[in-house]
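Colleague: The residues making up each chain are set out below.
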Amino acid sequence: MGRTIHLEIPPRSDYLALARRVVATAASLDRVLPDRRIDDLSLAVSEACANAIDAQRSTGSLEPVRVAIELGRTAVAVTITDHAGGFSPDEVDPLPAADDPGRLRHERGLGLPLMRSLADTVTFSATAGGTAVRLEVHGPTG
Amino acid sequence: MDLAVQVDDRDGWAVAHVHGDVDMTTAPRLREQVIDVVVRGQPNVVLDLQGVDFIDSTGLGVVIGLLKRTRSQGGDLRLVSTRSALRKVLELTALDHALPLADTVEAAIAVDRPARG
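Residue numbers (our numbering), protein chains in the order written: chain Z, 1 to 142; chain Y, 1 to 117.
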């Protein structure tokens, strides 16, 4: 990967729009991704930041949420790091199918499936103080 | 972009025109404004999302909650948007069956009520 842009936001949901806009603007710098994929990445990052903010709210951490945007020649990767202890994505229930009558019971828990559908790769890793989520989106040549 | 919701009446439906981003910050406001309409006795609601630039999973959760709320009051919730990003997000979350998109407010109102078992 080439250059990396670092952003830190307070763990508050009113900073989500800022994170989305910075990611979308940074991802469009080198025209590596078409607009449609930049939208995918922005939404995936927004979901990851929302999860980070939620997690930190539940642990009471006021540390900033870190967003690192790596601009590569064929892909853009964004890593969102929280300070909320830890989390296992395997413990999140999968969504029922669209024609399952129980589908509408799931008003929450949509964020993780969305991230996984929007990004080409999603990697969770444990850090010293929390969780890092790396979202990678490839350009047409990537 | 911040959220703005403007409600007007058409053919026995309340039409909520939504503009801006529907995310973790703004979605609760959308819920409050539409539930206010339902509580005042109008359970037939069209959400005009043509002006929505962005919706996240919290926003989708609010829309699901409003669908259930309107139906529990004997009404219905209809969505309007021609924007491909919204269509895609509904498909990715497998909500496209429960929340079909109409192209216009007129088309949304014209849809027959689903049979309920």
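In short, the hints are calculated from the structure, not lab data. All C-beta atoms, glycine included, are put in the ideal place defined by N, C-alpha and C. Treat each hint with caution, since some may be false.
[To be verified] Just the calculated beta-carbon pair ranges, DEER-fashion:
1. Gln33/Y / Pro10/Z: 39 to 49 Å
2. Glu8/Z / Gln6/Y: 48 to 58 Å
3. Gly74/Y / Thr141/Z: 34 to 44 Å
4. Pro140/Z / Gly74/Y: 25 to 35 Å
5. Arg73/Z / Ser72/Y: 47 to 57 Å
6. Ile5/Z / Asp112/Y: 46 to 56 Å
7. Asp11/Y / Glu8/Z: 18 to 28 Å
Colleague: Hint by hint, note whether the structure agrees.
Modeller: Each hint tested on the structure:
no., hint, in the structure
1, Gln33/Y / Pro10/Z: 39 to 49 Å, "violated (27 Å)"
2, Glu8/Z / Gln6/Y: 48 to 58 Å, "violated (36 Å)"
3, Gly74/Y / Thr141/Z: 34 to 44 Å, "violated (54 Å)"
4, Pro140/Z / Gly74/Y: 25 to 35 Å, "violated (49 Å)"
5, Arg73/Z / Ser72/Y: 47 to 57 Å, "holds (53 Å)"
6, Ile5/Z / Asp112/Y: 46 to 56 Å, "holds (51 Å)"
7, Asp11/Y / Glu8/Z: 18 to 28 Å, "violated (50 Å)"
Checked against the numbered hints given earlier, the structure breaks hints 1, 2, 3, 4, 7 and satisfies all the rest.
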